[in-house]
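Asks: Residues per chain are reported as follows:
Number of protein chains: 2
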Amino acid sequence: MLVVQKFGGSSVANPERIIRVAKRVVEAKRAGDNVIVVVSAMGDTTDDLIAMANQLNVNPSDREMDMLLSTGEQVSVALLAMAIDSMGEKVVSLTGPQAGISTNEVYSKAKIMGVDTERLERELSQDKILVVAGFQGRNPKGDIATLGRGGSDTTAVALAAAVNADVCEIFTDVEGVYTCDPRLVPRAQKLNSISYDEMLELASLGAVVLQPRAVEFAKQHQVKLHVRSSFNKNPGTIVQEVGSMEKEMLVSGVAHDLNVVKMALFDVPDQPGIAQKLFCTLAAQNVNVDMIIQSANRKDVNDISFTIAQDDLAKALQAMEKIKEEIGAKGFTYDSNVAKVSIVGAGMVSNPGVAAAMFEALADAAINIQMISTSEIKVSCIIKQDEAHNAVTSIHNKFDLDGAEEASAAC
Amino acid sequence: MLVVQKFGGSSVANPERIIRVAKRVVEAKRAGDNVIVVVSAMGDTTDDLIAMANQLNVNPSDREMDMLLSTGEQVSVALLAMAIDSMGEKVVSLTGPQAGISTNEVYSKAKIMGVDTERLERELSQDKILVVAGFQGRNPKGDIATLGRGGSDTTAVALAAAVNADVCEIFTDVEGVYTCDPRLVPRAQKLNSISYDEMLELASLGAVVLQPRAVEFAKQHQVKLHVRSSFNKNPGTIVQEVGSMEKEMLVSGVAHDLNVVKMALFDVPDQPGIAQKLFCTLAAQNVNVDMIIQSANRKDVNDISFTIAQDDLAKALQAMEKIKEEIGAKGFTYDSNVAKVSIVGAGMVSNPGVAAAMFEALADAAINIQMISTSEIKVSCIIKQDEAHNAVTSIHNKFDLDGAEEASAAC
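Protein chains in written order, with numbering that gives the first Met the number 0: chain A, 0 to 410; chain B, 0 to 410.
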């Protein structure tokens, strides 16, 4: 079997943990698998580097930040390779560019455009364990570009797709994918399997166990994912094409996301092209817009509300000042004190009462809903941030996600 | 003017110092120069990384050490570029490979084989300041290889040669090249200029202000070096082809080196090919041998003594066990408690009494000489380590290097 294993930053935070990861990798190798390991930067390395950068430049360029931050993963791969080598296995570490990962030109949020597997295959054929730096690749300028938040997951999936790995194992500090955040709702149940689409919605909604881009990539290339604990050998959650059994489960999970800012542009002239101008300008600044709601309150003018990630707030505010002028809006507001809670389930599409049940759960907890957005397999609500915990617990109970029947269907 | 400026690790040890370097670079740029800056890793970064590596592998491979250590310079260039950017100048940081520096295959002690100036010239033509990571390049395997101890000097000189820079400025924590180590002999005089050959001998002899390989490279490509203080604007020491005036100076400097181990192989059969076998085996282990003395004590057997750097002791001891067997020597000894003191001067070759005067200086100080080695422009003696300070002072006095007449000739 050819296995890609991905370990996050906390799994390699210090030499003791690096040795533990090395042991796990070596075990897989000795059990007969070919192994490619993808690792992130050690623990707080990235934060430390960012803090240092900010001492020198309040607004460092993305290109230089990528140059700086990519060293974190490079340190990890070298150290992990040394640990594996000391256990007597053949091993070689590779940076993203050395592993053949090419990206587009966008710094700090680069997209993987392709993987040249020549070197990967050559090293694998020499019976080596490959240790690849996550989160990075080479862009068309020959520069190092990073893949943005959680990019290491994407690296692992992209490599698994490129070399036709049998499975891509994502090691985390939890046992797998849960019906809800187990830190928030202790009775949350682990799912044995979940579809790409459900995982995608959960991931997009702030269930941080897997990056949405990585799930998308996996779905696109049909890469089987296995989300499992780095602390034990228990089977975790398999993410793959949905089977019929899972479809019967109405709601497979509840997610919440605190990394949200709600923005609203009000009294926008009711003319064609306004929304296009607004969201194109934000896209040009690399601001990812999530939920969008346009409401016609009065004649001739609209309000447009949308949500973005906290990280993009500074960039969005800059862009909004310009946009406000250009499109003749009266003003705009933003609110960081919000959270998004969501339910996800492939069975939702054929059960119209699901959204209503969620709203009822929120009403039961006396929680006001500020924005609503739905898709075929999810319902998301924006609420006040300090009500997120209550909301998730109430929804989890409402759908009996900790109940015996559903748990058996889910686990 | 096109200037290459090189700053060592202590010059970029923290954000404050990085800002100081950035200011100096920006000043040169604003004065009308095109500037390429070469920097080393911040302060203790390299030592910290080595310590971490040793926790994971008592004998990490050179390849993985290079992967690890090269991150140190990458961090420095990104941070320095950010600092320069914040001062409003256009700037781009480059790793060794990105700067087009290619090396041979030897990890940890790679030699620069060439510089592809395509990117350097393109970025320079866009009026940018270039910040290049010292100490590293890309080897034929596509891996990162480091240039070994003080490799950043070599990077700076190689870049200066490749882009035909007018001068390569080496910034240090001293004012320039001295007749002697000023920390040891307070009356040591700064030299205004010195020839490549003299600098080469001084550098080889442990005067750490410049790496010998860098001086060799500079001599080969006639790169003018300017060794100067990073703390002030005083002119330092120019290293270039020797003029007639300097030749008249008998001895231009006294150097000492504590990083020495004396090894001796005794009762070696007096046969052809013995020395070849010994030194080829050491070379194969990448052990650099410095002084070599073979003495015929008795009929049919010889003693062979030589010196190596402390760093290479472990590798040398391993090799020596094998060599002893193979060439049928009776045994070998080594002594780390030694130092090398040397005098250097282009005028020496035509003045036969110079070596004698040095031996006299040592005799005056009651210092026993263990080994002697001479070249056209230097004389080196191995003595006991704790006598090094006395030796240097005595020699410095003997040649009146702090005297008024010589000082005026020298400075």
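Be aware that a few hints might be false.
Remember, identical chains collapse to one label, so a pair may be satisfied in a single copy or spanning two.
[Claimed, not checked] Below, a list of computed lysine-lysine pairs in the DSS-like style, where the Cα atoms sit at most 30 Å apart: (1) 329 x 110; (2) 140 x 232; (3) 397 x 127; (4) 127 x 110; (5) 321 x 223; (6) 110 x 232; (7) 89 x 314; (8) 223 x 383; (9) 110 x 140; (10) 329 x 218; (11) 140 x 108; (12) 329 x 89; (13) 223 x 329; (14) 397 x 89; (15) 321 x 189; (16) 108 x 329; (17) 383 x 89; (18) 329 x 189; (19) 89 x 108; (20) 321 x 89; (21) 314 x 127.
Since the hints were made in silico from the structure, they are not lab data.
Asks: At most 30 Å between alpha carbons: which applies to residue 223 and residue 329, within, between, both or neither?
Replies: Close neither inside one copy (49 Å) nor across copies (64 Å); limit 30 Å.
Asks: Within a copy, between copies, both or neither: which one fits residue 321 and residue 89 at a CA-CA cutoff of 30 Å?
Replies: Cα proximity of residue 321 and residue 89: across copies only (26 Å, versus 56 Å in one copy).
Asks: Given a CA cutoff of 30 Å, do residue 329 and residue 89 count as a within-copy pair, a between-copy pair, both, or neither?
Replies: This pair counts as neither: shortest intra-copy Cα distance 65 Å, inter-copy 38 Å.
Asks: For residue 108 and residue 329, with the copy left unspecified, which applies at a CA distance of at most 30 Å: within, between, both, or neither?
Replies: neither (32 Å within a copy, 65 Å between copies)
Asks: For residue 89 and residue 314, with the copy left unspecified, which applies at a CA distance of at most 30 Å: within, between, both, or neither?
Replies: For residue 89 and residue 314, the Cα distance is within 30 Å only across copies (22 Å; inside one copy 46 Å).
Asks: Can you give me the call for residue 329 and residue 110, within, between, both or neither, at a CA distance of at most 30 Å?
Replies: neither (36 Å within a copy, 65 Å between copies)
Asks: At most 30 Å between CA atoms: does that hold for residue 223 and residue 383 within a copy, between copies, both, or neither?
Replies: neither (36 Å within a copy, 67 Å between copies)
Asks: Treating 30 Å as the Cα threshold, decide for residue 329 and residue 189: within, between, both or neither.
Replies: neither (48 Å within a copy, 70 Å between copies)
Asks: With identical chains, the pair residue 110 and residue 140 could be close in the same copy or across copies; at 30 Å between alpha carbons, which is it: within, between, both, or neither?
Replies: Close inside one copy (14 Å) and across copies (26 Å); limit 30 Å.
Asks: Between the shortest in-copy and the shortest cross-copy C-alpha distance, which are at most 30 Å for residue 89 and residue 108: within, between, both, or neither?
Replies: between (33 Å within a copy, 22 Å between copies)
Asks: If the cut is 30 Å between Cα atoms, do residue 321 and residue 223 qualify within a copy, between copies, both or neither?
Replies: Neither: 44 Å inside a chain and 52 Å across chains, both beyond 30 Å.
Asks: Should residue 397 paired with residue 89 be assigned to within, between, both, or neither, using CA atoms and 30 Å as the limit?
Replies: neither (53 Å within a copy, 58 Å between copies)
When the structure is compared with the earlier hints, violations turn up for hints 1, 2, 3, 5, 6, 8, 10, 12, 13, 14, 15, 16, 17, 18 and for no others.
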